[in-house]
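J.: All chains should be built: construct the whole structure from the sequences, respecting the hints.
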Amino acid sequence: MQTVFSIGVDAFAYGMVLFVISIGLSVTMGLMRVVNLAHGAFAMIGGYIASYAARDLGLAYAVAVMLAIAGTILIAIPVERLLYRRIYGQSELTQVLMTIGITFCIIGIANYVFGPTLKTIPAPDALRQPISLGFRTVSAHRLFVIACGTAVALGLWYFIERTAFGVKMRAAVDNAAMAAALGVRTEVVYAVSFAVAVGLAAFGGVVGAELLPIEPYYALRYMVTFLVVVSVGGAGSIPGALAACLLLGAIDTTGRYLMPEFGEFFFYLAVIAIVWLFPRGLAGRAE
Amino acid sequence: MKKLAIAALAAALLGGVAHADIIKVGVVGPFSGPFALQGKNFKAGIDAYMALNGNSVGGDTIEIIYRDVPTADPAQSKALSQELVVKEGVQYLAGFYFTPDAMAATPLLEQANVPMVVMNAATSAIVTKSPYVVRTSFTTWQTSTPIAKVAFDGGTKKVISVVSDYGPGVDAEAAFKTGFEAAGGEIVEAIRIPLQTNDFSPIMQRIKDSGAEGVFAFLPSGPTTLGFVKAFNENGLKEGGIKFFAPGDLTQESDLPALGEAALGLTTTFHYAVSHDSAENKKFVEAAAKAIGNPAELSFPAVGAYDGMHVIYKMIDATGGEQDAAKAVDAVKGLAWESPRGPVTIDAESRHITQNIYLREVARADDGTYYNKEIQTFENQGDPGLAVVK
Numbered sequence: 001m002q003t004v005f006s007i008g009v010d011a012f013a014y015g016m017v018l019f020v021i022s023i024g025l026s027v028t029m030g031l032m033r034v035v036n037l038a039h040g041a042f043a044m045i046g047g048y049i050a051s052y053a054a055r056d057l058g059l060a061y062a063v064a065v066m067l068a069i070a071g072t073i074l075i076a077i078p079v080e081r082l083l084y085r086r087i088y089g090q091s092e093l094t095q096v097l098m099t100i101g102i103t104f105c106i107i108g109i110a111n112y113v114f115g116p117t118l119k120t121i122p123a124p125d126a127l128r129q130p131i132s133l134g135f136r137t138v139s140a141h142r143l144f145v146i147a148c149g150t151a152v153a154l155g156l157w158y159f160i161e162r163t164a165f166g167v168k169m170r171a172a173v174d175n176a177a178m179a180a181a182l183g184v185r186t187e188v189v190y191a192v193s194f195a196v197a198v199g200l201a202a203f204g205g206v207v208g209a210e211l212l213p214i215e216p217y218y219a220l221r222y223m224v225t226f227l228v229v230v231s232v233g234g235a236g237s238i239p240g241a242l243a244a245c246l247l248l249g250a251i252d253t254t255g256r257y258l259m260p261e262f263g264e265f266f267f268y269l270a271v272i273a274i275v276w277l278f279p280r281g282l283a284g285r286a287e
Numbered sequence: 001m002k003k004l005a006i007a008a009l010a011a012a013l014l015g016g017v018a019h020a021d022i023i024k025v026g027v028v029g030p031f032s033g034p035f036a037l038q039g040k041n042f043k044a045g046i047d048a049y050m051a052l053n054g055n056s057v058g059g060d061t062i063e064i065i066y067r068d069v070p071t072a073d074p075a076q077s078k079a080l081s082q083e084l085v086v087k088e089g090v091q092y093l094a095g096f097y098f099t100p101d102a103m104a105a106t107p108l109l110e111q112a113n114v115p116m117v118v119m120n121a122a123t124s125a126i127v128t129k130s131p132y133v134v135r136t137s138f139t140t141w142q143t144s145t146p147i148a149k150v151a152f153d154g155g156t157k158k159v160i161s162v163v164s165d166y167g168p169g170v171d172a173e174a175a176f177k178t179g180f181e182a183a184g185g186e187i188v189e190a191i192r193i194p195l196q197t198n199d200f201s202p203i204m205q206r207i208k209d210s211g212a213e214g215v216f217a218f219l220p221s222g223p224t225t226l227g228f229v230k231a232f233n234e235n236g237l238k239e240g241g242i243k244f245f246a247p248g249d250l251t252q253e254s255d256l257p258a259l260g261e262a263a264l265g266l267t268t269t270f271h272y273a274v275s276h277d278s279a280e281n282k283k284f285v286e287a288a289a290k291a292i293g294n295p296a297e298l299s300f301p302a303v304g305a306y307d308g309m310h311v312i313y314k315m316i317d318a319t320g321g322e323q324d325a326a327k328a329v330d331a332v333k334g335l336a337w338e339s340p341r342g343p344v345t346i347d348a349e350s351r352h353i354t355q356n357i358y359l360r361e362v363a364r365a366d367d368g369t370y371y372n373k374e375i376q377t378f379e380n381q382g383d384p385g386l387a388v389v390k
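Line by line, the protein sequences give chains A and B. Under full-length UniProt numbering, read the first sequence as residues 1 to 287, first letter to last. Under full-length UniProt numbering, read the second sequence as residues 1 to 390, first letter to last.
None of these hints come from the bench; they were simulated from the model. A couple of the hints might just be wrong.
Here's a subset of chain B near chain A, in silico, CB distances under 8 Å, partners left out [said to hold, decoys possible]:
#1 Q196
#2 S201
#3 G211
#4 E213
#5 E234
#6 A348
Restricting the straight-line Cα-Cα distance to at most 20 Å, the calculated cross-link-like pairs of lysine to any residue (SDA-like) are [to be verified]:
#7 B:K208 with A:G255
#8 B:K238 with A:G255
#9 B:K230 with A:R55
#10 B:K208 with A:R55
Quick list of the computed label-pair ranges, beta carbon to beta carbon [to be verified]:
#11 A:S132 with B:G155: 50 to 56 Å
#12 B:E338 with A:F5: 53 to 59 Å
#13 B:D165 with A:A60: 36 to 42 Å
#14 B:A279 with A:I75: 53 to 59 Å
#15 B:L52 with A:V113: 57 to 63 Å
#16 B:G265 with A:W157: 40 to 46 Å
Idealized CB from N, CA, C, for every residue including glycine.
T.: Next up, the structure:
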């Protein structure tokens with residue numbers, strides 16, 4: 001019984017890490033209809049900024065997180081204006097080709113500027129303690145990530161479903177021409193949505209760095225995982241992404257505990273089964 | 001008229017140095033991509049050797065030609081090696097970070113009359129593939145066997161083995177198991193985990209549940225090791241008194257700034273630590289650090305390359321610059337010298353390097369950086385893995 005709880009805690013924590021990193025991609029793919037393979041690259045930029053701020057400049061963790069989000073958005077705005085704006089509404093192939101090109105450029109630049117070694121983001125002491133839950137100990141950082149995941153899920157849901165901007169955003173996505181005719185400034189809506197998605201990527205890159213360490217190949221190494229989570233959850237759906245992350249996290253963790261030699265077999269078996277049953281993902285909307 | 005005079009002068013000059021040849025050495029390694037740092041270390045080791053010993057042997061100038069194989073890719077390695085031999089006319093092949101890359105190029109050697117000096121690839125079998133292969137690095141068997149004795153003598157009788165599911169991991173598991181069971185210890189469980197593992201918490205739980213007193217681990221260096229070591233600490237295994245044993249690939253110097261405090265106190269066995277205390281090593285580290293730019297990036301492939309160049313220089317010396325692979329390889333059989341890592345010999349029979357293996361512990365230096373502190377020496381270790389291959 002203790003083992004079951006133990007795996008449960010690990011699974012929940014891993015699922016939340018996946019959620020925090022992938023939700024930004026779910027927003028770009030589902031709401032903006034851009035297959036953004038460079039999502040991991042933006043997460044990586046956030047990680048590098050945070051690492052530089054916390055490790056080399058000695059700033060506090062919270063400040064480093066803020067700087068990472070702000071810095072990544074600052075870098076992303078010109079990229080959105082100059083490059084992404086051209087591929088809204090284009091075919092997926094065009095989008096994939098361009099975003100993977102951006103990914104390789106960012107990998108090359110990161111490698112050149114920061115070198116090929118691993119970068120860590122030193123967490124404050126409070127997050128480094130093992131915390132006893134009675135039946136086992138987990139690191140405080142995992143609990144922090146769980147809290148972050150919950151906050152992101154609730155905040156984003158409120159932003160999209162309950163604010164005036166959320167209404168404009170959904171309108172712009174469903175029918176850009178009609179939304180524009182009704183006075184919605186669609187370029188602004190897209191730019192803000194893109195900034196939010198990139199900010200979430202950076203945030204996920206930073207808080208998830210304990211599990212997915214920052215190095216130049218981060219952007220490629222975890223790309224498939226992010227894409228799988230989004231397609232299983234249904235692009236653009238927050239509850240869907242959350243459910244997908246928790247489900248896949250649970251399957252992956254249990255599989256690794258019971259039969260590690262099977263590797264990612266169970267993870268991908270589950271992915272195949274879910275996509276077969278729900279071709280648009282768990283909570284995907286019909287086109 | 002003037003032009004003619006210049007041409008004549010140039011011809012005379014050229015004729016004057018014609019007896020001194022350029023000897024080309026082709027180096028295949030990962031110079032871009034995720035393993036670029038290891039390739040950079042190859043280059044640093046080679047540059048360091050040439051800076052300290054000059055770039056010519058007996059009047060012949062040595063020229064190094066690099067070819068990039070970013071990740072383990074036997075087909076590309078073979079194609080590039082062939083290109084080096086046929087088009088560039090190299091007399092020596094060297095480098096090879098990954099075992100499959102080295103294996104793929106061995107069939108070329110005899111026909112091309114070219115010796116191969118393996119500067120890293122660590123599977124025992126490579127030297128058996130061709131009589132023209134010489135290795136100056138180490139094998140996973142060679143570095144993993146002593147840690148089994150360390151573990152047993154330190155009072156750990158029950159160990160769980162956790163390795164990444166790929167060639168070197170399987171080798172390390174077998175080496176440790178053989179050594180540890182021979183000493184009288186018990187392997188309670190042997191787990192192989194997939195290479196793409198991000199979350200190690202379930203594995204840690206598994207280790208805890210197995211009732212082992214210690215864990216033997218082998219994983220690729222970089223993100224995987226970092227994740228594993230962090231999970232080991234954060235899940236309370238370190239506090240719980242579970243011992244951690246591994247070969248030194250896991251705590252290579254270039255990863256220590258990132259591993260940092262998490263790695264403190266880890267014991268590993270390996271053939272080389274940048275901190276090794278000797279005059280030879282001081283000289284090497286100084287030259288190699290200059291070659292690589294950032295001294296913190298210096299790690300074990302550099303010393304394999306440095307000693308590889310030593311072997312190649314001896315080969316060129318012995319053959320007088322003529323292309324004669326058999327004579328070159330024969331000349332270095334039994335060759336003994338003082339390497340930055342300590343005294344080494346090329347074993348005459350296996351053509352693999354016999355060397356000291358050191359037990360090290362990750363320690364914090366006075367300036368706050370981390371290093372591998374050597375605490376015990378196992379002298380003149382051959383490769384126990386060859387017995388298994390044959």
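J.: Work down the list of hints and note, for each, if the structure agrees.
T.: To see whether the hints hold, each was checked on the structure:
Below 8 Å, beta-carbon pairs count as interface contacts, and Q196 (chain B) has one with chain A at about 6 Å; its hint therefore holds. The restraint placing S201 (chain B) at the interface with chain A holds, with a minimum CB-CB distance near 4 Å, inside the 8 Å limit. At about 13 Å, the closest approach between the beta carbon of G211 (chain B) and any beta carbon in chain A exceeds 8 Å, and the interface hint on this residue is violated. Against a cut-off of 8 Å between C-beta atoms, the interface hint on E213 (chain B) is violated, since the closest Cβ of chain A lies about 19 Å away.
Interface restraint check for E234 (chain B): the shortest CB-CB distance to chain A comes to about 4 Å, inside 8 Å, so the restraint holds. Taking 8 Å as the C-beta contact cut-off toward chain A, the hint placing A348 (chain B) at the interface is violated, the least distance being around 38 Å. About 17 Å separates the Cα atoms of K208 (chain B) and G255 (chain A), which keeps this hinted pair within 20 Å; it holds. Restraint check for K238 (chain B) and G255 (chain A): the C-alpha separation of about 24 Å exceeds 20 Å, so the hint is violated.
About 18 Å separates the Cα atoms of K230 (chain B) and R55 (chain A), which keeps this hinted pair within 20 Å; it holds. Proposed proximity of K208 (chain B) and R55 (chain A) is contradicted: the alpha carbons are some 33 Å apart, above 20 Å. A hinted range of 50 to 56 Å for the beta carbons of S132 (chain A) and G155 (chain B) is inconsistent with their spacing of about 28 Å. Distance hint check: the CB atoms of E338 (chain B) and F5 (chain A) are about 57 Å apart, consistent with the given range 53 to 59 Å.
Against the hinted window of 36 to 42 Å, the Cβ-Cβ separation of D165 (chain B) and A60 (chain A) comes to about 40 Å, which satisfies the hint. The hinted range of 53 to 59 Å is not satisfied by A279 (chain B) and I75 (chain A), whose Cβ atoms lie roughly 48 Å apart. Restraint check, L52 (chain B) to V113 (chain A): a C-beta distance of roughly 31 Å breaks the suggested window 57 to 63 Å. Taking the beta carbon of each, G265 (chain B) and W157 (chain A) are about 45 Å apart, inside 40 to 46 Å as hinted.
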